[in-house]
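Visitor: Kindly generate the complete structure, drawing on both the sequences and the hints.
Each chain is listed here by its residues.
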Amino acid sequence: MLDAILGQVRNTAIIVGTIALIGLLLQKKTMNEIISGTSKTIIGFMIFNIGSDAISAIVTTFTTLFNTGFGIEGVTTQVEVATGMALNTYGTEVALVMVLGFIVNLLVAKYTRFKAIFLTGQHFLYFACVIALVFIAHGFSTPIIVLVGGIILGFCGAALPTLCQPFMNEIVGSDNLAIGHFNTIGYALSGYIGKFVGKVTHYDQESSDSSNVNMPKFFELFRDFVFSVALFMVVLFYVVVIACVINGHMELVQELSGNDIWFIWPLLQGLKFAAAMSVLIYGVRQFIAEITAAFVAISEKYIPDSKPAVDCPAIFPFAPTAVVIGFVGSFLGGLFGMGLMIAFNSSVIMIPAAGICFFSGGTAGVFGNKHGGWKGALLGSFVIGIGLVMLPLLLYPAFSALGISGASFPNVDYNVIGSFIDWLLSLFG
Amino acid sequence: MYKALVCCRAGMGSSMLLKIKVDQVIKENTMDIKTEHGNLDSLIGFDGDLVVTMDDLKDELAPKVPYAVGIRNIMDKAEIKVKLNQFLDSKK
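Line by line, the protein sequences are chains A and B. So the first sequence is residues 5 to 433, counted in the numbering used here. So the second sequence is residues 119 to 210, counted in the numbering used here.
To be clear, the hints were calculated from the coordinates, so they are not data collected in a lab. Bear in mind that the values here come from a model prediction, so they are computed numbers and not experimental data. Built from N, CA and C at the ideal position, the CB exists for glycine as well. Some hints here could point you the wrong way.
Not the full set, but computed from the structure, chain B residues with beta-carbon under 7 Å of chain A [what the hints assert, rightly or not]:
{"#": "1", "residue": "C126"}
{"#": "2", "residue": "L135"}
{"#": "3", "residue": "V143"}
DMTMM-like mimics (lysine to aspartate or glutamate), calculated; alpha carbons at most 20 Å apart, straight line [as the list claims (entries may be wrong)]:
{"#": "4", "chain 1": "B", "residue 1": "K201", "chain 2": "B", "residue 2": "D167"}
{"#": "5", "chain 1": "A", "residue 1": "K114", "chain 2": "A", "residue 2": "D309"}
{"#": "6", "chain 1": "A", "residue 1": "K44", "chain 2": "B", "residue 2": "D141"}
{"#": "7", "chain 1": "B", "residue 1": "K121", "chain 2": "B", "residue 2": "D159"}
{"#": "8", "chain 1": "A", "residue 1": "K33", "chain 2": "A", "residue 2": "D309"}
{"#": "9", "chain 1": "A", "residue 1": "K276", "chain 2": "B", "residue 2": "D159"}
{"#": "10", "chain 1": "B", "residue 1": "K182", "chain 2": "B", "residue 2": "E154"}
{"#": "11", "chain 1": "B", "residue 1": "K182", "chain 2": "A", "residue 2": "E304"}
{"#": "12", "chain 1": "B", "residue 1": "K182", "chain 2": "A", "residue 2": "D309"}
{"#": "13", "chain 1": "A", "residue 1": "K305", "chain 2": "B", "residue 2": "D194"}
{"#": "14", "chain 1": "A", "residue 1": "K32", "chain 2": "B", "residue 2": "D141"}
{"#": "15", "chain 1": "B", "residue 1": "K195", "chain 2": "A", "residue 2": "E224"}
{"#": "16", "chain 1": "B", "residue 1": "K195", "chain 2": "A", "residue 2": "D228"}
{"#": "17", "chain 1": "A", "residue 1": "K305", "chain 2": "B", "residue 2": "D141"}
{"#": "18", "chain 1": "A", "residue 1": "K305", "chain 2": "B", "residue 2": "D159"}
{"#": "19", "chain 1": "A", "residue 1": "K33", "chain 2": "B", "residue 2": "D173"}
{"#": "20", "chain 1": "B", "residue 1": "K145", "chain 2": "A", "residue 2": "E37"}
{"#": "21", "chain 1": "A", "residue 1": "K33", "chain 2": "B", "residue 2": "D159"}
{"#": "22", "chain 1": "A", "residue 1": "K221", "chain 2": "B", "residue 2": "D173"}
{"#": "23", "chain 1": "A", "residue 1": "K32", "chain 2": "B", "residue 2": "E146"}
{"#": "24", "chain 1": "B", "residue 1": "K176", "chain 2": "A", "residue 2": "E224"}
{"#": "25", "chain 1": "B", "residue 1": "K199", "chain 2": "A", "residue 2": "E304"}
{"#": "26", "chain 1": "B", "residue 1": "K145", "chain 2": "A", "residue 2": "E224"}
{"#": "27", "chain 1": "B", "residue 1": "K195", "chain 2": "B", "residue 2": "D165"}
Guide: Set out below in structure tokens:
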């Protein structure tokens, strides 16, 4: 019976529900709100699982085609997909690292000079995956993973946004907002690249600011997340299917496409990927909602001098054109990085993804633009774009050995901090 | 009671925080508005009275909804309050 109970509480949906329940109780919500909030969080997690199953199936198809067509291992840099895979196998460890991370973040903000409260719940979740996986790869037991992983995560949440604070204050025009998106090392770098560009080009606000650049209206389509994922995947599916056909693997394409006509099937697969992504994001939104609300309420009540670190689109209104330039820049950087991997005969090829290029690239653009105008935005996001596809190579071998293959965690901080932990752990054998 | 949709592109981090802040403003000022949270896809079939979003998305959404509010700094409760009051005034 005890085993049965222990087995049951390992169910990630229950852990997530319990976290929400505690959060709601701490906020002294009404009975009705507690019951509905807890159930909705669990349901949200289940929706996330449905989306992640659907997306894993499509990613498997895609990688099969890519590997057959090009003869090398292709990996998408879709963080949501990699997270889905990680949660399927190591849900307990990840969820517990995340919850301890929240607590440590609050403590660090309360008692040290690092004042950021990291409010982007999904990023906390993704980073929790990376940290937990690094420890799991080194064979640590669950209590150690949770304890040490949670402390690292919480410290990063409070401290990393500090790197970007000088730029954030200039972008926002006040000192009350921090960036809550784990590419902080990349964004700060983009900010400094912008400064450098500004110096070299004798930047003046009047003529070189990104707001004076007219970007084609077409790029505005990418503001719609689901659409940009759809377009991207349709193109990628056509590329791999055509590669298969050209290299004489028509029978594989025919087999996978089933009743669909082989040249219409890639269109449907790309759209289906976006559909699955919609479900997955809907689930994330629902299961993160109550937990984030509790985190906000607790930090505002007990740590009044803390600084909210918010998701990157919060700074998009301050330089909307730089966001679009950053998207283009980081996508070009991604393609350049892909070219480098091919040129150096890498055994694995990371493929740039639309979502990451838009959000992370766009934010890098806003940082680069501040002192470097549109040129700073373009160069800064280009460099970050290279990092977003190249850096996942560092941890991918370890993660794929754990079964997280075909997708990777692209964000800069995940890989820089994750590799550093990996290196430290390897010193201790 | 007016119904508001708080949304952004993916509908996760920034609009979640925006919703929390909007709810705080509504509660502190006892405004007659109820919010729900979503992304751009939630606009399909939305039958409420206003949409609250990030300032850079406002112009895009304005033609599609009864009333659009664009917030520049999502942590700025004063800004949210002014803009929600403008909406309420327009209904008088």
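Visitor: Run the structure past the numbered hints and jot down the numbers of the failing ones, going up.
Guide: As far as the earlier hints go, 3, 8, 11, 12, 15, 16, 18, 19, 21, 26 and 27 are violated by this structure, in ascending order.
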